[in-house]
Amino acid sequence: MLEVRGLRAGYGAIEVLHGIDLDVAEGECVALIGANGAGKTTTLKTICGLLAPKAGTIRLRGREIGGLSGHAIVREGVTMCPEGRQVFPQMSVLKNLRMGAYARSDDGQADDLERMMDMFPILRERAHQAAGTLSGGEQEMLAIARALMARPKLCIFDEPSLGLAPKIVAEVAATLGRIREMGMTILLVEQNSLMALRLADRAYLLEAGEIVLEGTGQELQSHPDVAKAYLGH
Amino acid sequence: MIEILQQIVNGIAIGGVYVLIALGLTTVFGILGIAHFAHGSVSMFGGYLTFFLVAGQGIPLVIAIPVALTAGVVLGMAIELLAYRPVRKASHINAFIVALGLTMMVEGLNLEFFGHEQVVIPTSFDRVFNIGGVTLPELRLYVILAAALLIAAMTIFVERTKTGQAIRAVAENRDAAILMGVNVRTIPLVVFAMSTALGVAAGIMVGALFAIAPGIGEGLVIKGFAVLILGGLGSIPGAIVGGIVLGITESLAAGFVSSAYKDVIAFLVMIFVLLFRPQGLLGKAS
Numbered sequence: 001m002l003e004v005r006g007l008r009a010g011y012g013a014i015e016v017l018h019g020i021d022l023d024v025a026e027g028e029c030v031a032l033i034g035a036n037g038a039g040k041t042t043t044l045k046t047i048c049g050l051l052a053p054k055a056g057t058i059r060l061r062g063r064e065i066g067g068l069s070g071h072a073i074v075r076e077g078v079t080m081c082p083e084g085r086q087v088f089p090q091m092s093v094l095k096n097l098r099m100g101a102y103a104r105s106d107d108g109q110a111d112d113l114e115r116m117m118d119m120f121p122i123l124r125e126r127a128h129q130a131a132g133t134l135s136g137g138e139q140e141m142l143a144i145a146r147a148l149m150a151r152p153k154l155c156i157f158d159e160p161s162l163g164l165a166p167k168i169v170a171e172v173a174a175t176l177g178r179i180r181e182m183g184m185t186i187l188l189v190e191q192n193s194l195m196a197l198r199l200a201d202r203a204y205l206l207e208a209g210e211i212v213l214e215g216t217g218q219e220l221q222s223h224p225d226v227a228k229a230y231l232g233h
Numbered sequence: 001m002i003e004i005l006q007q008i009v010n011g012i013a014i015g016g017v018y019v020l021i022a023l024g025l026t027t028v029f030g031i032l033g034i035a036h037f038a039h040g041s042v043s044m045f046g047g048y049l050t051f052f053l054v055a056g057q058g059i060p061l062v063i064a065i066p067v068a069l070t071a072g073v074v075l076g077m078a079i080e081l082l083a084y085r086p087v088r089k090a091s092h093i094n095a096f097i098v099a100l101g102l103t104m105m106v107e108g109l110n111l112e113f114f115g116h117e118q119v120v121i122p123t124s125f126d127r128v129f130n131i132g133g134v135t136l137p138e139l140r141l142y143v144i145l146a147a148a149l150l151i152a153a154m155t156i157f158v159e160r161t162k163t164g165q166a167i168r169a170v171a172e173n174r175d176a177a178i179l180m181g182v183n184v185r186t187i188p189l190v191v192f193a194m195s196t197a198l199g200v201a202a203g204i205m206v207g208a209l210f211a212i213a214p215g216i217g218e219g220l221v222i223k224g225f226a227v228l229i230l231g232g233l234g235s236i237p238g239a240i241v242g243g244i245v246l247g248i249t250e251s252l253a254a255g256f257v258s259s260a261y262k263d264v265i266a267f268l269v270m271i272f273v274l275l276f277r278p279q280g281l282l283g284k285a286s
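Read top to bottom, the protein sequences are chains A and B. The numbers in UniProt numbering rise by one with no breaks, and the one at position 99 of the first sequence is 99. The numbers in UniProt numbering rise by one with no breaks, and the one at position 141 of the second sequence is 141.
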């Protein structure tokens with residue numbers, strides 16, 4: 001599905017990613033873990049077209065999408081549920097969800113809207129409330145549902161558990177698990193490495209802009225370096 | 001009592017003009033974060049153009065107005081592409097200077113094309129209605145109705161259409177809007193086309209109700225920004241409420257104090273409101 005080769009990217013003259021190779025197969029859930037500043041968010045931003053790659057290729061189902069602008073990449077089938085939720089605060093929950101389907105022109109949008117509200121009953125309850133008035137956990141659910149409204153081929157989650165209470169984190173993890181069961185292809189970036197590795201079929205460990213480890217979620221959980229540096233045991 | 005009602009009706013007409021100006025300014029500000037000072041001069045261009053078509057070329061008003069509005073759409077897109085787009089990623093002071101330069105340029109063009117004479121757009125709406133002692137000139141009634149229609153049309157466009165929702169989304173969170181697939185290069189074009197058309201409509205109203213002359217546009221854009229601040233920056237309902245409030249205040253001040261002091265009193269009211277609501281009447285406290 002997604003095939004990244006030799007990706008270099010950064011901000012201005014500063015290079016953050018020094019040649020990254022990464023694959024996500026259809027229906028697979030892949031996690032990208034690593035410390036702050038390792039380049040996780042930069043990787044995602046470059047895949048989504050918010051940042052232009054300096055070198056390397058990004059292919060989606062064989063089509064080169066590297067260097068396309070952000071809105072064009074959404075139309076190619078990549079949707080990101082961004083860090084910090086980024087809902088439209090003054091728009092209602094319903095309008096936020098409709099914005100999620102902005103790039104679509106098919107007539108299945110109303111059905112999808114119903115499906116999302118069935119999946120997240122709290123969103124139906126709060127449908128006409130301004131999104132900014134929702135709690136952090138509710139906003140995360142809205143951001144996830146809004147991303148799914150795009151019917152993406154690849155759905156990227158950037159730090160979905162960041163800044164949420166432990167109980168809500170468990171809820172987010174369960175939700176991502178359900179989305180995975182639905183067959184969605186997922187690329188997940190998380191500071192909460194344990195949660196990410198439990199969810200993921202495969203995972204990459206990013207350190208200082210390079211992939212230093214790759215394996216199944218299980219393998220990385222039991223890898224001594226990962227366990228010591230990222231899982232705290 | 002009749003006198004108060006009379007002044008309120010007068011105030012609604014001029015308030016409607018302020019709303020149209022402020023709606024353009026507020027959407028531009030909301031989406032690009034720039035103070036588009038040239039907006040008043042561009043509105044006056046629309047008024048002058050209508051005058052030129054009607055008085056100079058003998059073209060009927062019903063044809064001249066759509067022509068002027070279309071010219072507004074084209075001019076608005078040209079301003080976005082040629083003046084503001086190149087400085088979009090630069091510091092805000094650059095856009096500020098572009099706005100000032102653009103104001104001088106449009107004022108100069110108005111002078112060059114249409115001269116320095118004060119002009120009034122001729123209309124044949126000479127009847128005067130009397131409703132329970134309140135006199136309502138036909139022209140003023142049409143101005144109120146047209147303003148109401150345009151305000152409603154814009155609100156429906158922003159709230160009910162996909163493009164309108166994309167405009168709101170970009171104003172609220174630009175990066176998130178990109179992630180939804182919104183093309184943030186075309187949205188400013190749409191915003192400037194819409195804003196400038198509304199500004200031209202306001203210019204035509206000023207030209208028919210009062211007069212157009214060099215310098216009027218600058219006064220109008222200052223009123224427009226006053227409305228913006230009064231109503232709350234970037235807020236569409238704020239621009240509507242703020243414009244009507246400013247229009248009625250001015251009109252009451254002119255009727256009961258002195259027309260020479262109407263601007264003073266209007267700005268005093270504005271200062272007073274901001275003392276208690278620094279975020280504006282409908283602005284969100286941040």
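Keep in mind the hints are simulated off the structure, nothing from the lab. None of these values were measured; they are calculated from a predicted model. You may find that some hints are simply not true.
List of simulated lysine to any residue pairs, SDA-like, C-alpha gap at most 25 Å [claimed, not checked]: (1) A:Lys-54 to B:Lys-284; (2) A:Lys-54 to B:Gly-283; (3) B:Lys-284 to A:Arg-98; (4) A:Lys-95 to A:Asp-112; (5) A:Lys-153 to B:Lys-162; (6) A:Lys-95 to B:Leu-109; (7) A:Lys-228 to A:Pro-166; (8) A:Lys-167 to A:Arg-98; (9) B:Lys-284 to A:Ser-135.
Computed beta-carbon distance windows for the label pairs [to be verified]: (10) B:Ala-146 to A:Pro-89: 31 to 37 Å; (11) B:Pro-66 to A:Ala-55: 51 to 57 Å; (12) A:Pro-89 to B:Pro-86: 50 to 56 Å; (13) A:Lys-54 to B:Phe-96: 48 to 54 Å; (14) B:Phe-272 to A:Ser-105: 46 to 52 Å; (15) B:Leu-61 to A:Asp-107: 52 to 58 Å; (16) A:Glu-171 to B:Pro-86: 42 to 48 Å.
Think of the CB as a built atom: it goes at the ideal place given N, C-alpha and C, for glycine as much as any other residue.
Name the hints, by number, that the structure is in violation of. Failing hints, ascending: 1, 2, 6, 8, 12, 13, 15.
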